[in-house]
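Order-wise, the sequence lines are chains S and B.
So for the first sequence, our numbering puts the first residue at 1; every next one is plus one.
So for the second sequence, our numbering puts the first residue at 1001; every next one is plus one.
No lab work stands behind these hints: they were computed from the structure.
Treat the numbers as computed from the prediction; the structure is a model and nothing was measured.
Treat the hints with care, since some could be wrong.
One-sided and incomplete, this derived list gives chain S residues near chain B with beta-carbon spacing under 7 Å [as the list claims (entries may be wrong)]:
hint: 1; residue: I4
hint: 2; residue: V6
hint: 3; residue: A15
hint: 4; residue: Y31
hint: 5; residue: T36
Glycine included, every Cβ here is placed at the ideal spot set by N, Cα and C.
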Amino acid sequence: MSVIYVLLAISITVALVFFAAFVLSVKNGQYDDAYTPSVRMLFEDELLDGKDVSEMEQKEITQTKRTNQ
Amino acid sequence: MTCYHCGDDCGRDKVRFDERDFCCHGCKTVYEIFTSNGLSNFYEIEAKAGNTPKEVRSKYDFLDNGEIVAKLLEFDEEGVQVINLSIPSIHCSSCIWVLENLNKLHPAVSNSQVDFPKKTLRVTYNSADFSLKGLVLMLSSIGYEPYISLDEYDKKEKKKDRSLLYKLGVAGFAFGNVMLLSFPEYFELPAGEAGAGEFWLEQYKHTFRWLMFAFSLPVVFYASQDYFKSAYKGLRSKLLNIDVPIALGILTLFLRSSVDIIFDLGSGFFDSLTGLVFFLLLGKFFQQRTYAFLSFERDYKSYFPIAVTRLKPDKSEENVQIYKVKVGDRLLIRSNEIIPVDCILIKGSAEIDYSFVTGESQAVFKESGEKLFAGGKQLSGLLEVEVLKSVSQSYLTQLWGNSVFRKDKAGAFQTLTDSIGKRFTAAVLTIATLATLFWLVYEPAMALNVFTAVLIIACPCAIALAAPFTLGNMLRIFGRHKLYLKNANVIERLAKIDTAIFDKTGTLTTTKKDRVLYEGVELSAEETSLLKTTLRASNHPLSRSLYDILKSNEIMTLDEFQEHTGQGIEGRVDQHSIKIGSSAYVGNDLEVPTADTAVYISSDNDFKGRFVFKNSYREGMVKLFGSLEDSMQIGILSGDNDGERKTLQKMLPVRTQMLFNQKPGDKLQHIQHLQQEHKVLMVGDGLNDAGALAQSDVGIAVSEDVNVFSPACDGILDASHFNQLPIFMQLSKKSIQVIKLSFILSLCYNLVGLYFAVTGQLQPVIAAILMPLSSISIVLFTTVMTNLLGRKLTQLKN
């Protein structure tokens, strides 16, 4: 078999994989809201920020203390 | 000084907390909730972006009713409930952040996700520790009160229509691959030259061609379905729409290409075929954009509450859904609630604001035994009523039985593209026939080749793209300037308008700033502060607005305060008393009644005077009428009494027609009458205009806050941009000119293409260059032109 057939088969398979990925992403609703994720992406960092988390934990602790009393 | 939470002016009642200023206790409470739950980041993301929470109290008691909750929930199994709530006050990234961190406020919430364009929030929570009512109250307490209406309640599971995206994906996928596969043959030398019929190409071209054929199959049979359907529909109703030549083009492209490769006549036009469909769908996708967070189809259902309080025979209260209310039931109506059905007043004195139903701005007083109509809003006090008619048969809701509400305005309107399409198809078929006849005589073997080539090259891809891109872009520009149109078709209709009719109350007048005039004996400083102190204790809307206007800083402690529902209020300090309320209540028999809303004052039982609430007209109204006067007929259609006729006559052009005391049905008929000779634009705001808005060629609802209710219409205009209406109309006309220019441009391309086709020299590579080239230049042209036009709006703002 000539190498061209192999190349064609590979290229079409790769294309089909991407096409399937697209169909899947539409199906999962990724294109329904194209705006919010762009904002949400920026928040994730802030939540992971160590200082912020510890501060929040501190507050949670004081809160539970208060409720325990 | 502005509020740290919501950014409003703090005024005199500012609240100081945690070294920050707040405009009210509501805002302070939200701040407290946020900071004590580790959500203070809210203020970092966007400053002063909070919403002031509203008093909800027993408003959501109906969520105790399991039957209602079950209908609202999206998912409810094994202790997990999912609800999708519409929250109109979502407006910035801080909102998204805080709403997606709801679990910090209540641990039972496992997931919450905001859809910003739709302004909805999807919450998943554990139903063992939490309830829908709890969730709604929690959201309300931080200023994000959800909007739950009958509309939502009725909604059937609507599947999201994503087919256009799939089709676009299929077409794009095929287009890209076919382009690659057709490349080798683009560089093949014409037969007869040295090097033609290269060995490599000769050996493999069949593989390439059949692969292209395979790729084009889903494009023809799936992605371009809509064009065939639309063309078939058009032909069946004897209408040559633009989809007829498109469908003909696609079909010819496919058949001719298949024949070409079967009989080894050439490489076929698969590249043009897939490209054509891809570009067409792209245009469709571009035009499809609508404003997801706005609803243009609302009727009374979104205005009415879901449930009401019913009194059982044993006098206990229960919440029932509104459709279950039967004739003869006793209902409780609290202050600021909407009366959902026609009924008879049994107990309490009613003060009802019908402005939404009739346009009449003055509240009416009713005594027990009198009839109340659905749609009115009780202003103060508790009422007990007996139901006369069920919800769908009430006076107001019957209006929706009118057939205008089921009319499809866009379908009945022949677009510019369709009217051009008709002539275009006729011309193309004529040219194709003539050319074929010529070749039949001259060289019969070429005849079929030429016939198909003409149909292929004349496929009006560029023409079909001109309107979607121009109008779609205009729609976006309008949206940026706060005019939200239902679809692109409205712009075309707006360009044809020659008569503009305005509603008065709420449309020309603003509800925000009433002009208040005082008539009577001047009040002493002491009396003024007593008046203000007394007003402070009352929650009546008129009291609130009067309170805001009065200039007195001294707040006294009242010895006595009485509220006589439906009549007025009374306050006493030391030996002085003041009465505020209706004319009869304060014992006035001197002053002549006024057509405007008025509040009467008496001090120590001595009649002093009255505050008259005058409508104040929107800024730029006079200028707006002035600029519309030259180009069209204008008129006012009001449900209110004619108390303002003289004022309006003085302010507006002489030719303005004015009609007062128009019921909703009258308005509809008046528009219908005008439409016999004119294209009518109706500008309104309330439910009472709904019929007229639906009947008119273009109905635009003016709204102070585009997120709250506006009746079914073709467009929603933010009240702050009301005076730009003439510019919007002008721009619509200009957009039509842009479309016409693009038609001429695309015809030029077609003429060049036709030259190749008629002379029988159409090579696939020429088609593959011409088609995308014409499409792209049309897209560029329309985008540049519309943006240039849009700059006019931006300039005006600065």
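Status of each hint after checking the structure:
1. Proximity of I4(S) to chain B holds as hinted, the smallest CB-CB distance being about 6 Å (cut-off 7 Å).
2. A least Cβ separation of about 12 Å between V6(S) and chain B goes past the 7 Å threshold, and the interface hint is therefore violated.
3. Given the 7 Å rule on beta carbons, the hint for A15(S) holds: about 6 Å separates it from the nearest Cβ of chain B.
4. A least Cβ separation of about 6 Å between Y31(S) and chain B falls short of the 7 Å threshold, and the interface hint therefore holds.
5. For T36(S), the suggested interface contact is upheld, since its CB lies about 4 Å from the closest CB of chain B, less than 7 Å.
Of the numbered hints stated above, the single one contradicted by the structure is hint 2.
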